[in-house]
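S.K.: Residues per chain are reported as follows:
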Amino acid sequence: SQTIHQWPATLVQPVGSPLSLECTVEGTSNPNLYWYRQAAGRGLQLLFYSVGIGQISSEVPQNLSASRPQDRQFILSSKKLLLSDSGFYLCAWSVLNLGRRASYEQYFGPGTRLTVT
Amino acid sequence: EDQVTQSPEALRLQEGESSSLNCSYTVSGLRGLFWYRQDPGKGPEFLFTLYSAGEEKEKERLKATLTKKESFLHITAPKPEDSATYLCAVPVYNQGGKLIFGQGTELSVKP
Chain A
1 SQTIHQWPAT LVQPVGSPLS LECTVEGTSN PNLYWYRQAA GRGLQLLFYS
51 VGIGQISSEV PQNLSASRPQ DRQFILSSKK LLLSDSGFYL CAWSVLNLGR
101 RASYEQYFGP GTRLTVT
Chain B
1 EDQVTQSPEA LRLQEGESSS LNCSYTVSGL RGLFWYRQDP GKGPEFLFTL
51 YSAGEEKEKE RLKATLTKKE SFLHITAPKP EDSATYLCAV PVYNQGGKLI
101 FGQGTELSVK P
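Just so you know, the protein sequences line up as chains A and B, in that order. Residue numbering for the first sequence follows the numbering used here, starting at 1 and increasing by one per position. Residue numbering for the second sequence follows the numbering used here, starting at 1 and increasing by one per position.
Here chain B stands alone, though its shape is the one from the complex (with noise of 0.2 Å):
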């Protein structure tokens, strides 16, 4: 059965702290995993797309990485304002598109 596992629920970081967040998957041929970044009573906001063990995209201070099982999303010196609920997502197999989301890693970034 397809499924998204993401770690740790919550991390709260001092400002400039650096870390990473995971993301777990399983699937039946990956065609994508999507990284989502969710403000309080907003809706999520797309970051990044990874496609292929070994890719890399950066965005600011934060850098997405991909293997076959997992996903890192690496926050270098993070600032309050990155403060958010990220999520991470990937396709199922012929299914009209439909993703399957994480739970989510709540992060908190004090001054």
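Extracted from the complex, chain A is given alone in its bound form (with noise of 0.2 Å):
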């Protein structure tokens, strides 16, 4: 069975910091990646998405910024934290079926709670 990880769960920096938060996958290759955010209330916001190696796609420009060194690992990173970073990141998985029925479901880790202070 495929499972999901995140580390740290959570996280308290000074402003100007760096971050670097890892996600890994087992059990599955050749998954889609993505990191959320989630701040106060409950919406989801998308940040970055991978469909493969080296492969990023940006949503929201900001102070963030993602690799995927391996296909099954996927890192948020950012060079100067801001207090407005502070939020609970949430990293999924899916794996696309594009067949008869296509399936996106995803498939979403512990979380890191991020606080920045």
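To be clear, the hints were calculated from the coordinates, so they are not data collected in a lab. Don't take each hint at face value.
[Unchecked claim] With a Cα cut of at most 20 Å, we get these calculated EDC-like pairs of lysine to aspartate or glutamate:
#1 B:LYS63 x B:GLU1
#2 B:LYS79 x B:GLU15
#3 B:LYS63 x B:ASP2
#4 B:LYS42 x B:GLU9
#5 B:LYS98 x A:GLU59
#6 B:LYS110 x B:GLU17
#7 B:LYS68 x B:GLU15
#8 B:LYS42 x A:GLU22
#9 B:LYS68 x B:GLU56
#10 B:LYS42 x B:GLU106
#11 B:LYS68 x B:GLU55
#12 B:LYS42 x A:GLU105
#13 B:LYS69 x B:GLU9
#14 B:LYS110 x B:GLU55
#15 B:LYS57 x B:GLU45
#16 B:LYS69 x B:GLU55
#17 B:LYS57 x A:ASP71
#18 B:LYS59 x B:GLU81
#19 A:LYS79 x A:GLU22
#20 B:LYS57 x B:ASP82
#21 B:LYS98 x A:GLU105
#22 B:LYS69 x B:ASP2
#23 B:LYS42 x A:ASP85
#24 B:LYS98 x A:ASP71
#25 B:LYS59 x A:ASP85
#26 B:LYS110 x B:ASP2
#27 B:LYS63 x A:GLU105
Keep in mind it's a predicted model, so treat the numbers as computed, not measured.
Using the supplied hints, reconstruct the complex from the two chains, each of which is provided in its own coordinate frame.
M.R.: Here's what the structure looks like:
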């Protein structure tokens, strides 16, 4: 079965410090990978998605970047954190099945709670 | 523009009081509608996929239905452990499996 891991679970960082959040998926090959942020309230904002190694699509221009150095590894980074970067960061994976009935379900990791002080 | 709207934002029920959550969508060609459950401080948990109008899916006290414009998540005789935020989402065509999420409905079931 497939498993998705995120770490760290919680993080408190000062403004201006760097950031690195990691996500790894087990039990599947060539997944699509996604980074979301969930701020106060319940909306999920898609930040980046990747359909393969080294392929990153950015949804929202901001202080963050993403990289995919390996098939099942997705990293979210920042060189200098802002207060507005605080939030709950979620990684998700999917394996698109574009057969007769296409499948687009995404499966989420446990999340990282980031507080920028 | 593709859009997903959920209502109500919050719903408070007494244990055993059945109700429904609504998810309205506007997309250019539906390729599935997904329901998730999210507990506080955790990632969303996948519940159902619906593909075509008239389709229904059930899991314990939850039943999801789909029409051409909206989906309903019916909760029958809820229990306190059903308290969570329920999210619906639809995929955007030809964008790497990108999903558009609604803002969610926060359900609270009191004993």
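S.K.: A separate judgement is required for each hint: does it hold in the structure or not?
M.R.: Hints, one by one, checked against the model:
1. B:LYS63 x B:GLU1: 28 Å, violated
2. B:LYS79 x B:GLU15: 5 Å, holds
3. B:LYS63 x B:ASP2: 25 Å, violated
4. B:LYS42 x B:GLU9: Answer holds: B:LYS42 to B:GLU9 is near 19 Å, not above 20 Å.
5. B:LYS98 x A:GLU59: 10 Å, holds
6. B:LYS110 x B:GLU17: 10 Å, holds
7. B:LYS68 x B:GLU15: Violated - the C-alpha atoms of B:GLU15 and B:LYS68 are around 31 Å apart, more than 20 Å.
8. B:LYS42 x A:GLU22: Holds, at roughly 16 Å.
9. B:LYS68 x B:GLU56: 13 Å, holds
10. B:LYS42 x B:GLU106: Status holds; Cα separation ~14 Å.
11. B:LYS68 x B:GLU55: Roughly 11 Å between the alpha carbons, so the hint for B:LYS68 and B:GLU55 holds.
12. B:LYS42 x A:GLU105: 18 Å, holds
13. B:LYS69 x B:GLU9: Given that 20 Å is the threshold and the Cα spacing comes to 19 Å, the pair holds.
14. B:LYS110 x B:GLU55: 30 Å, violated
15. B:LYS57 x B:GLU45: At roughly 16 Å apart (the allowed maximum being 20 Å), B:GLU45 and B:LYS57 satisfy the hint.
16. B:LYS69 x B:GLU55: 13 Å, holds
17. B:LYS57 x A:ASP71: 33 Å, violated
18. B:LYS59 x B:GLU81: Answer holds: B:LYS59 to B:GLU81 is near 14 Å, not above 20 Å.
19. A:LYS79 x A:GLU22: 15 Å, holds
20. B:LYS57 x B:ASP82: 17 Å, holds
21. B:LYS98 x A:GLU105: 10 Å, holds
22. B:LYS69 x B:ASP2: 12 Å, holds
23. B:LYS42 x A:ASP85: 19 Å, holds
24. B:LYS98 x A:ASP71: Measuring from Cα to Cα gives roughly 18 Å; hence the hint holds.
25. B:LYS59 x A:ASP85: This hinted pair is violated, its Cα atoms lying about 36 Å apart.
26. B:LYS110 x B:ASP2: 35 Å, violated
27. B:LYS63 x A:GLU105: Judged against 20 Å, a Cα distance of about 18 Å means the pair holds.
In this structure, the hints that do not hold are numbers 1, 3, 7, 14, 17, 25 and 26, in rising order.
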